[in-house]
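A.B. asks: Residue strings, one per chain:
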Amino acid sequence: MTILNESGIPDVLPPLHAVNDLAQRLPDVLIVVAGTQAEAHLIQCLPSAPSPNLPPFRRNQRVIFAVLDPDDLPQQGLLASRIVERAAEHRGTELVLLVAGRAAESLGVDATFEARLVARKLDLPAEVVNPDATHEIPGVLSTDLEDHVLAALVNLCPKRKTSDLVETASPAKRGGLFGNFLRRGTETSDSNGGRPVVLLGGTLSPGADRGLAAELSRTGVDVVGSVPGSGIGKLPQLGEGTVVAVMDPNLASAATVAESRGATVVKTLMPVGVDGTARFVQDVAEEAGSRTSEVVRARSVWEDLGVLRNRIRGKRIFFTGDTGLEIPLARFLADAGAVVLEVGAPRLDRRFLAAELQALGPDVDVVVSPDYRGQTNRIDESRPDVVISSPGLHLPLVARGHLCRSPRDFISAGHYGYRGARRILELLVRTMERAETLDSLNL
Amino acid sequence: MKLLRGVYEGPQSYGIMRVAASIGGVHALLRAQPGEAYFRTLYGARERTGEMAPVTLSPMREGPDGSMAPGNLARDLSGVVRRHPKTEIVVLAHSEASLLSGETIPVTTLPEVEGTGRTPGLITFPWEGPGMREIEAAELALEDLIRARMNDRHERSPYPTVNLFGPPIFGPGAAAEYAEAERLLDMIGVEVNARVPLGANTGDLVRLPRAWANVLLYREVGESATLYLQDEFGMPRVTTPMIGAAGTGAVLRSVGELCQLDPKSVQRTIWAELARTAKLPWYARLEPPETFQDRRVAIFGDFTYPLGLGYALAREVGLDITACGTYLTHLERDFLFHTHTFTERAFVEDDPGEVAARIEAAKPDLVIGTHLEEGVAGSLGVPFLPLCPPVADRPFVERPLIGYAGSSVLADALENALRGKAAETPGEASIQWTDGALQEVSEVPLFLRGRARRLAEERARRLGSAEVTREIFLESRS
Chain R
1 MTILNESGIP DVLPPLHAVN DLAQRLPDVL IVVAGTQAEA HLIQCLPSAP SPNLPPFRRN
61 QRVIFAVLDP DDLPQQGLLA SRIVERAAEH RGTELVLLVA GRAAESLGVD ATFEARLVAR
121 KLDLPAEVVN PDATHEIPGV LSTDLEDHVL AALVNLCPKR KTSDLVETAS PAKRGGLFGN
181 FLRRGTETSD SNGGRPVVLL GGTLSPGADR GLAAELSRTG VDVVGSVPGS GIGKLPQLGE
241 GTVVAVMDPN LASAATVAES RGATVVKTLM PVGVDGTARF VQDVAEEAGS RTSEVVRARS
301 VWEDLGVLRN RIRGKRIFFT GDTGLEIPLA RFLADAGAVV LEVGAPRLDR RFLAAELQAL
361 GPDVDVVVSP DYRGQTNRID ESRPDVVISS PGLHLPLVAR GHLCRSPRDF ISAGHYGYRG
421 ARRILELLVR TMERAETLDS LNL
Chain H
444 MKLLRGVYEG PQSYGIMRVA ASIGGVHALL RAQPGEAYFR TLYGARERTG EMAPVTLSPM
504 REGPDGSMAP GNLARDLSGV VRRHPKTEIV VLAHSEASLL SGETIPVTTL PEVEGTGRTP
564 GLITFPWEGP GMREIEAAEL ALEDLIRARM NDRHERSPYP TVNLFGPPIF GPGAAAEYAE
624 AERLLDMIGV EVNARVPLGA NTGDLVRLPR AWANVLLYRE VGESATLYLQ DEFGMPRVTT
684 PMIGAAGTGA VLRSVGELCQ LDPKSVQRTI WAELARTAKL PWYARLEPPE TFQDRRVAIF
744 GDFTYPLGLG YALAREVGLD ITACGTYLTH LERDFLFHTH TFTERAFVED DPGEVAARIE
804 AAKPDLVIGT HLEEGVAGSL GVPFLPLCPP VADRPFVERP LIGYAGSSVL ADALENALRG
864 KAAETPGEAS IQWTDGALQE VSEVPLFLRG RARRLAEERA RRLGSAEVTR EIFLESRS
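Going down the list, the protein sequences come from chains R and H.
Sequential numbering of the first sequence, starting at 1, is according to this note's numbering.
Sequential numbering of the second sequence, starting at 444, is according to this note's numbering.
Isolated chain H (complex conformation) (with noise of 0.2 Å):
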């Protein structure tokens, strides 16, 4: 057991509900203690637009069970068909209270809906289990509602499609990526032929082998999904994370490739496009080198945005990335994997505090992060961009980080971080601590660790001493 300062994931009912809420016409029928049903709120909260969301609660209720109250989980059911007649499937998900608790309550199929004689389907899933975390229960739930909608009737359509697996709701700014990825590959000329999980309705997933391939956005989610297709349809996969302009340019390329296009006319669009669109290249080859030199960044996330983002600043701008982890634990063979392309410090961990400690022996001059890696940025007191879900801000405009709008978001965020910040002097650091100093610098919590050390520093130099001694450091804090 660990003290947490923060969590990066919620419960694995939630990752079900993000990717049941994504999909029209899916309903999510939560069985849960009262107090767990909070995800109805945050669905207003964070979307904005008035909708109600598309999950019910079922509330766990003790003793026998004489009244009509909601509670019983087959009367719930029935109810979530009743007053969501055009609901076509129906999920349960299982709190982590409630899969604690042990109840096992069969369930029953679910009755028509009134005056259609259409009975919506139901999907549990069986591998729910208390320890699970949303990102993995979400990948596995959009792979279980796929397979649920399969027929044998699939046809390929007459010209070239894909499948674009993108982030679920809550993604900041996901229906942007899934916008700009679309736009790039109509100029391609190639047609998306539906947006898993967000935008797509139960109709599309039916249709889902028509594509020719499945583009693969965010791997977080989609990757069982797609794999199932790939195994049962043969529809072949492109993962590589379409973040700054050389993994665009691979997508595209890939795709063309897969879809039998010219490869000359592809080349020619992601020509036009870097002249255009794309401004990362033109942004790396504006400013002088001395910008990006013996410039360490550390970035923690997810999978997907990390690789992208470590990759595009490593390779095509030129900083020295010092540190780069997941907190997806169950992802850490891949990502570790895949970081090794352009780092050597790659690490798994899923304690804000630990998180923390490893950014701060990365000794960076910009934190790439999710909203738990602000504080260790402001400690340290080198700017912070928050490009990795889980993030805090919802802006009414969403902007892509993906393709070659997002390199060009992703060159704005840099230069006004790195803009007029010189790389430190090397005189400046030379200045020494004592082991009095060090041992009350070792009480203090990790994330403030950077901020106490930066101000009793300062201090010693202002008062004109070569090293911290234990009483300038608690004057310092004083």
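For reference, chain R alone in the conformation it holds in the complex (with noise of 0.2 Å):
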């Protein structure tokens, strides 16, 4: 594996646009968006989930737009009192999530402070969510709002108390979401004293935190919630002693702040195609107290999957690069047999991505802050098979005739786990099958 640095301008959608997408996964925020007319425009533009066409865009109305007129002259806690006004129309929240970056700061407003007063007025939780947060490492990824949001719903876990940690937890004080769909049959884990295991992540793909903690409790080890999860009532207890699992390689912040409540933070592959599920289940097992090993069951997969193989096989892949995603897969991918031409990385957090640098093949290129200019020329150059591209880049590429994907097809298809890795190889698959019969019509 190289690592190189283009210091160009990435293909990436600004990560605002993700405000669409969260509020539809999470339907008792209110989300406040204060900022600029171009920060509500862009929102109102990007679509959830931008796919090359735009799909018919569904108005959310948990999204709420504060646009700051830059000729008024700032008011402390004029923005706390509007939302107020207007969060008694929006029964059920249980959250109010301002969004506020540098543009709200630069007009005057005191994003902490107007939030501070929601939640007092309210008495609601209230956070304040930077999408300009700038990162130890520089650039920015279309799912930075994402990590930020997950990590503001991660200080709004309920603390483990003290208590908690000395008794072994009895299953009468194990509720939220997997509660009762862990107790069928895992007596043997509630009684081995095990240290509960949070997920952390899956927030485009609902439902799929349910298939990884099946996968672990098979194991024996107690998930007791995950983040996002299905509420913000039913967030788990993160705290000092619990084992928290991370099944995105984009949450950098959000496993920081898991990390400085005391929580340990499992440092394994994130649970993407075979090997990585299993090296995630084995790692994350470990750290909650529990042997396991995966070795058998990874070989039964890889054979399973004999057959997608062998369709993959060599053939020549190039990953953009904008989500973040892109590194877990093209690792995933190189192991099945593609070869991966280049991996974009418009940023690139060495150390929160060890592990999956560590078992990135050798061949694999990974461009850090890559420009878009030079990917569109290296892929005119190296005609790949495949490429996982960017929204931007997507229509340009399909029109210079090559066959793209977005990162984002991965995310809807469900690309966690060992069922996940099936998914991802049929996708691939089923869009050479598709290029192939539209090419050999004759028009």
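Simulated from the structure, these hints should not be mistaken for laboratory data.
These figures come from a predicted structure and were not determined experimentally.
All residues carry an ideal CB built from backbone N, CA and C; glycine is no exception.
Any given hint could turn out to be false.
Among the chain H residues that face chain R by a calculated CB cut under 8 Å, a handful are [to be verified]:
hint: 1; residue: Pro454
hint: 2; residue: Gly487
hint: 3; residue: Arg491
hint: 4; residue: Gly493
hint: 5; residue: Leu543
hint: 6; residue: Ser544
hint: 7; residue: Phe827
hint: 8; residue: Glu886
What the simulated footprint calls covered on chain H by chain R, stretch by stretch (three residues with Cβ under 8 Å from a Cβ of chain R suffice, anywhere in the stretch; the number is not a length) [claimed, not checked]:
hint: 9; region: 472-478
hint: 10; region: 744-754
Bring the two chains, given one by one in their own frames, into a single complex with the hints.
C.D. replies: Written out as structure tokens, the structure is:
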């Protein structure tokens, strides 16, 4: 593996676009975006899960824009009182997320103060999310807002009490999403005194956490819940003694917040692909206090994938990079026999992704901060079989005759776990088959 | 500060880029935060041609600039010239964040295009400000672009020609609007000298004064540019919206007059088109008067479309325009002046929630608006026609709304919307509301209120109650 830095302008969708997706995923959250006309316009123009064809946009009633007028004098508390008035119209709100970035700050909005005021007046939690928050490592990923929102949700999780740490958690205390689900036949795990596990991620594939929880509970691990899970009221306890298993490679900030609360964040591969899932299950189980080996399982899954692998073998794949999800995908596809030409990484957190980078095959090039024009030229030169492209490059590349898929397609297909590994390969095979059918038409 | 459900317009940089991307040979450099650069993605998805948008980002970066990475404005400008050697004009736009940050970078001239000795023109806009909106900026940017290309040499074309000032890129059916206008002008014997801004190239901008007159299809964007051409070169303007059969006829007659054509031959063409293409007058005659009697329409949009549609629907079809509004606050006086010819209830408003309230108060049987009005039409349970920009859907086949062909498109849309929907029988509306129920309904968000009311009244009717009580209302909501 080689890492190059191109210092270019990567083709990345602005992180703010994710507001639509998040509002859909978190139905009991009221999202208020305080910022400029440009920010409101951007969220409105880029629909949820942007696909090259921009599907008809369903307006989400739980997204409200506070468009700040640069000519107005900043008035503290005004935003909060407007939010309080408006919140009355939205029944069942459990959390107010105030999205306020650099523009709001430069227009004199003290977002933290306003959020605190909202929280006090509504008697509801209110959190500030800064979409422009700088990371230690420069660069922007289109999924940054998702990361920051999950960080805010981790902060909202109830902390574990010290008494809980001492006594073994009794089944009665274990509510939450997976309580009933796990109690079936997992008496052993309850009695072995293992540490509780919280899954972090899977925001845009609801239900994915359930699949991984089932996988983990098979090994006797006690999954107490997940973030974002299925609602603000059902956030699991997270603090000292909790093991946090991160599902997505773009959640560095959320993981840091979990760590700062005293939880142990497992440093392992993401649960994408066969080996990724195997390592994930094994390492999380070990951290939680139960030993297991996934070698046999992984081998049998690889064998089951034989036919699909034959279709993928030798196919050349280019990742332009946009969501941060590309690295585990590239790792799996390289393992499955594909030739990964390049993986673009608008931002690469080498420390957080250490395990992933180590597992990446020797022939894979990672290009940090790639330039979209340079990438287009390289794609034209190397003519890959499939390009996993960012939304801005998708149409231009298709017009140049390349076969493209969006990284989002893998998320919506459900890419986690052993079953997800099959779905990833199936998706690629389907894409190539359809292209062949269309190419064979005599138009 | 208001909390809004949505915005009708983008920021000023978006308007500038819409104009720049419409004209061939123009490239825009956007000075912005990386998170504000969504134009390129939007261009790809909206246009669906596979072309890359002629827009480059110059990202604002903090700290000392030691690296060669993009972010240095002068270097990024030269980069545009180097990468796009065919560019004739480079336009520099600033995002809101860039304007708010107060960074002032003196802009130097552009380098030569390698090997040609030609230097592209650089246009900056000193009027850019953080509070400015898309349409106003688009209008001013178009004027500046034209001013920058003007020279003293100009000669009128030997035969009658006009310039079409229409909508910029992303306008619904924009290219089809120009094509329809061009078709009709061609029929009366007037050639189109240039389509501005969509479809023009930088050479066309130089040749604008050749034309005998300027026809404004979309006043929102062409107003200042055509006023400039009128002042500077004495070019007359035709400003009537070319919507509906009457509006189209008026425009064609005015153009005929300005181009000294034989009025009889113009009228013959108009009659021929009325017989062949224009179906709106035909539809209005075919339908029984009851279809339109006491049918109320609420229209909301930009400027040209609500005005043109309002006039056509009120005069040519005979519908009652009970609300007609625009979100273009800077055109307030003009809008109110013109709408008085067909409605008493004109308004100017840029908060979608307030617009929804106005439309609801107008008790319409049909709502014509932008994609943001779909919700209020749905909640009122009345048909909705998204005919005013901005709209969300982008069909592969564009259909015009102006001209005679456009009037037929309008007739089709009306027929679909109004067919089989008899006006409400008077007895049905007489359900009373108790104070308690009214109080409850006031807590429902504005844009859902119509639907909530309707459901509650239906429930009351089903229960045989003459009034909606608080209990009935709450039951209908659960």
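A.B. asks: Decide, hint by hint, whether the structure agrees.
C.D. replies: Each hint, compared with the structure:
1. Pro454: At 4 Å from the nearest chain R Cβ, Pro454/H passes the 8 Å test, so the hint holds.
2. Gly487: holds (4 Å)
3. Arg491: For Arg491/H, the interface hint holds, since the closest Cβ of chain R sits about 6 Å away, which is under 8 Å.
4. Gly493: holds (2 Å)
5. Leu543: Interface hint status for Leu543/H: holds (5 Å vs cutoff 8 Å).
6. Ser544: Holds: closest Cβ of chain R sits about 7 Å from Ser544/H, inside 8 Å.
7. Phe827: violated (13 Å)
8. Glu886: holds (6 Å)
9. 472-478: Result for this restraint: holds, n = 3.
10. 744-754: violated (count 0)
Hints 7 and 10 from the earlier list are contradicted by this structure; the remaining hints agree with it.
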